[in-house]
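Chemist: Sequence:
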Amino acid sequence: MTKLTKNAPYLKEQWNKQHYSDLLVLVGSRAWETWGKGESIAWRLLVDGLNVSPFITNDEKSIHPYDQTPVILGNKELAKIASYRIADKEQTAVKFIQCGELSNEQISALCLNLATTTASSVVSLVSTELCLIENLSEYIQRLRNDEDTRELIQSAVNKSSVLSDNPTGKELVEKFKQWFKQPLKVEVSTQRAHIYNGIIWKPISEFELKRKFAQFLDEYEQNYGSDKLNKLVSLLFVRLAELPPANNLFNGFINGAINKVTGELLPLTADLNLREIEPIELDLTGETPLFDDWLAFVSNGDTDKSQAILAGLYMILTNRHQWALFLECSGVGGGGKSVMGHIATLLNGSANTAFIDIETLENNANGRAKAIGKTLVYSPDQAQFKGNAVELKKLTGGDVQQVKILYRDAEDIKLNAVFMMSTNHPLMFIDRNGDIVRRRVIIPFDRIIPLAKKDVLFVDKVKREVLGITRKLLDLFPDSNDARKILETYRNNTKSLDIKMRGNHLFEFAQHFELTDKISYGMKVGSATGSTAPNECKQKLYKAYMAFCDYQNLKQKDILPLNAFKDAFKSAMNEKLGNPTDAQGKLQGVQYSNSNGYLRANVRLANDDIINEWIG
Numbered sequence: 001m002t003k004l005t006k007n008a009p010y011l012k013e014q015w016n017k018q019h020y021s022d023l024l025v026l027v028g029s030r031a032w033e034t035w036g037k038g039e040s041i042a043w044r045l046l047v048d049g050l051n052v053s054p055f056i057t058n059d060e061k062s063i064h065p066y067d068q069t070p071v072i073l074g075n076k077e078l079a080k081i082a083s084y085r086i087a088d089k090e091q092t093a094v095k096f097i098q099c100g101e102l103s104n105e106q107i108s109a110l111c112l113n114l115a116t117t118t119a120s121s122v123v124s125l126v127s128t129e130l131c132l133i134e135n136l137s138e139y140i141q142r143l144r145n146d147e148d149t150r151e152l153i154q155s156a157v158n159k160s161s162v163l164s165d166n167p168t169g170k171e172l173v174e175k176f177k178q179w180f181k182q183p184l185k186v187e188v189s190t191q192r193a194h195i196y197n198g199i200i201w202k203p204i205s206e207f208e209l210k211r212k213f214a215q216f217l218d219e220y221e222q223n224y225g226s227d228k229l230n231k232l233v234s235l236l237f238v239r240l241a242e243l244p245p246a247n248n249l250f251n252g253f254i255n256g257a258i259n260k261v262t263g264e265l266l267p268l269t270a271d272l273n274l275r276e277i278e279p280i281e282l283d284l285t286g287e288t289p290l291f292d293d294w295l296a297f298v299s300n301g302d303t304d305k306s307q308a309i310l311a312g313l314y315m316i317l318t319n320r321h322q323w324a325l326f327l328e329c330s331g332v333g334g335g336g337k338s339v340m341g342h343i344a345t346l347l348n349g350s351a352n353t354a355f356i357d358i359e360t361l362e363n364n365a366n367g368r369a370k371a372i373g374k375t376l377v378y379s380p381d382q383a384q385f386k387g388n389a390v391e392l393k394k395l396t397g398g399d400v401q402q403v404k405i406l407y408r409d410a411e412d413i414k415l416n417a418v419f420m421m422s423t424n425h426p427l428m429f430i431d432r433n434g435d436i437v438r439r440r441v442i443i444p445f446d447r448i449i450p451l452a453k454k455d456v457l458f459v460d461k462v463k464r465e466v467l468g469i470t471r472k473l474l475d476l477f478p479d480s481n482d483a484r485k486i487l488e489t490y491r492n493n494t495k496s497l498d499i500k501m502r503g504n505h506l507f508e509f510a511q512h513f514e515l516t517d518k519i520s521y522g523m524k525v526g527s528a529t530g531s532t533a534p535n536e537c538k539q540k541l542y543k544a545y546m547a548f549c550d551y552q553n554l555k556q557k558d559i560l561p562l563n564a565f566k567d568a569f570k571s572a573m574n575e576k577l578g579n580p581t582d583a584q585g586k587l588q589g590v591q592y593s594n595s596n597g598y599l600r601a602n603v604r605l606a607n608d609d610i611i612n613e614w615i616g
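Numbering (UniProt numbering), first residue to last: 1 to 616.
Calculated from the structure, these hints are not laboratory results. On a predicted model such as this, the values are computed, not experimentally measured, just so you know. Don't take each hint at face value.
[Claimed, not checked] Simulated crosslink set (DSS-like; lysine-lysine; CA at most 25 Å straight-line):
hint: 1; residue 1: Lys-170; residue 2: Lys-212
hint: 2; residue 1: Lys-177; residue 2: Lys-6
hint: 3; residue 1: Lys-95; residue 2: Lys-76
hint: 4; residue 1: Lys-404; residue 2: Lys-393
hint: 5; residue 1: Lys-485; residue 2: Lys-576
hint: 6; residue 1: Lys-6; residue 2: Lys-89
hint: 7; residue 1: Lys-228; residue 2: Lys-76
hint: 8; residue 1: Lys-37; residue 2: Lys-12
hint: 9; residue 1: Lys-228; residue 2: Lys-212
hint: 10; residue 1: Lys-12; residue 2: Lys-76
hint: 11; residue 1: Lys-566; residue 2: Lys-524
hint: 12; residue 1: Lys-386; residue 2: Lys-557
hint: 13; residue 1: Lys-370; residue 2: Lys-404
[Stated by the list, open to error] Per label pair, the in silico range of CB-to-CB distance:
hint: 14; residue 1: Val-456; residue 2: Leu-476; range: 27 to 33 Å
hint: 15; residue 1: Thr-57; residue 2: Arg-192; range: 41 to 47 Å
hint: 16; residue 1: Gln-384; residue 2: Leu-406; range: 27 to 33 Å
hint: 17; residue 1: Leu-406; residue 2: Asn-135; range: 51 to 57 Å
hint: 18; residue 1: Leu-577; residue 2: Asn-481; range: 24 to 30 Å
hint: 19; residue 1: Gly-38; residue 2: Val-390; range: 52 to 58 Å
We treat Cβ as the ideally placed atom computed from N, Cα and C, and that holds for glycine.
Taking the hints into account, I'd like the entire structure generated from these sequences.
Modeler: Next up, the structure:
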């Protein structure tokens, strides 16, 4: 072999000089990431699985097992393995732990190194789960005893570790991938290269890749100019393995990733394909005292409300967009809505959340594009809104929507996300077919947190309970339909009705009417002209509406003209009635028709005396 010129990384450490015990060697493309400077979950699980004992140094200091750095051989070291001393010549036992990709040629090179430079007789290759991949002891002994085999392997190793005299672009690219210290892949949809830093896949600029490639060429003493460098990096992009899309089933944190379906906490690995993590260290006990206290306070003894909040969070956690429901957290400032929003966002994952208000959702195809690939669309501070919310209906109904990505033509796409909003304002939806009322779940937050109970750090503290909250929700709803039924039932709670009436004066107006058996028995629709005397208002629907608006001191801009009134009143009245349908599913309820020469509606005042109150 080539003369050994340097020790492998960390071979010099005292605990790596125990010649009659296993020398731990992390090898492969992710060796450095697995170690993670002693902080990674993967490394600590390895140490725990191997039952590594504390090490007492020559000066009698105790070194914790997690801090006993192993020998580490990543791609860069493996590319020059012939020049590294992997173990002392007296070392008798070596345990290679494969981390990431490790080729047969690299395994042969490792074995050849040990066979010719050490006395190692017990050598194994195991996975990071400590499962035996291969017992290498006999192979190493054969390399020592059989000169022909040794020379054959030596020749193969030399070919794999040294560049040819006139390397092709392909050869340089493949050698660069071995030399590059971190796993490197390309995201095909964006054509951006990403490196795995031991936690997430992070974009690396093309300029930075050129600098790294230049460094590699310098180390291997290759001549190059800007044109050659550009061509090599372009070829590299083509030759890189594809980085799969981010998997929104996993939610990353500092000390692990939560599987949102099972509640399992996993170590952060490259295979999770995470692009972001939450900068939060999870409480691993699984207890949720702060969340439980918050839920008890905002529910205030209302079990139905408590169950609706839990069911809503479950819907977000498990992305039940197919339920065709959305959450409207409405109420006073300081009532707990923002906490609900923070918890929902963390359960879903910030990387899986698009922050879009209804106005943008309705009128901005570029804004809607932010929701592509997301599982939650959240409007954290929804302003007052009045409209038919066509795009919100499409989003919650699973219909195709038009989006516009920068520098690309507009395209139609189905967005598979749950919608949630937090608002202090009453919202007025013009809903002719009952689409919104069927989907709208209002959760009132009407209890202000007292000053003595306020904690400015509460949100940061409760965030750490996300693991426990996730498991609580999954345990609470083993049958997801239970959560759906809770939300569907809660749509018609009394406090929701109050919020709807504050947001839509037509909804309050409709509370004073009932259906008639026949349209001919119903009120005339009437017009804006003529008298608003009590008799007129009792007989004509629009006259009654004008009297109601005057009684409510509504501004002129908020009073609907006749044609708009007919649609809005029908929508509000049908919502009050629960959007009744016939056997064929056709919407029943308010109808308009000409009868006896007048346009009539099949409604009448439930109590004529209300007109006298409105007119005064």
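Chemist: Now look at each hint and say whether the structure bears it out.
Modeler: Here is how each hint holds up against the structure:
1. Lys-170 to Lys-212: 17 Å, holds
2. Lys-177 to Lys-6: Given pair Lys-177, Lys-6 holds - Cα atoms ~23 Å apart, limit 25 Å.
3. Lys-95 to Lys-76: Measuring from Cα to Cα gives roughly 20 Å; hence the hint holds.
4. Lys-404 to Lys-393: 19 Å, holds
5. Lys-485 to Lys-576: Holds. Lys-485 to Lys-576 sits at ~20 Å (cutoff 25 Å).
6. Lys-6 to Lys-89: Satisfied, since the Cα-Cα distance of roughly 14 Å is no more than 25 Å.
7. Lys-228 to Lys-76: 23 Å, holds
8. Lys-37 to Lys-12: 16 Å, holds
9. Lys-228 to Lys-212: 14 Å, holds
10. Lys-12 to Lys-76: 19 Å, holds
11. Lys-566 to Lys-524: Given pair Lys-566, Lys-524 holds - Cα atoms ~12 Å apart, limit 25 Å.
12. Lys-386 to Lys-557: Since the Cα atoms of Lys-386 and Lys-557 sit roughly 12 Å apart, the hinted pair holds (cutoff 25 Å).
13. Lys-370 to Lys-404: 9 Å, holds
14. Val-456 to Leu-476: 27 to 33 Å: Between Val-456 and Leu-476, where Cβ atoms are some 30 Å apart, the hint holds.
15. Thr-57 to Arg-192: 41 to 47 Å: 46 Å, holds
16. Gln-384 to Leu-406: 27 to 33 Å: Once the Cβ atoms are compared, 30 Å apart, the range 27 to 33 Å for Leu-406 and Gln-384 holds.
17. Leu-406 to Asn-135: 51 to 57 Å: 55 Å, holds
18. Leu-577 to Asn-481: 24 to 30 Å: 26 Å, holds
19. Gly-38 to Val-390: 52 to 58 Å: Given range 52 to 58 Å: holds, Cβ gap about 55 Å.
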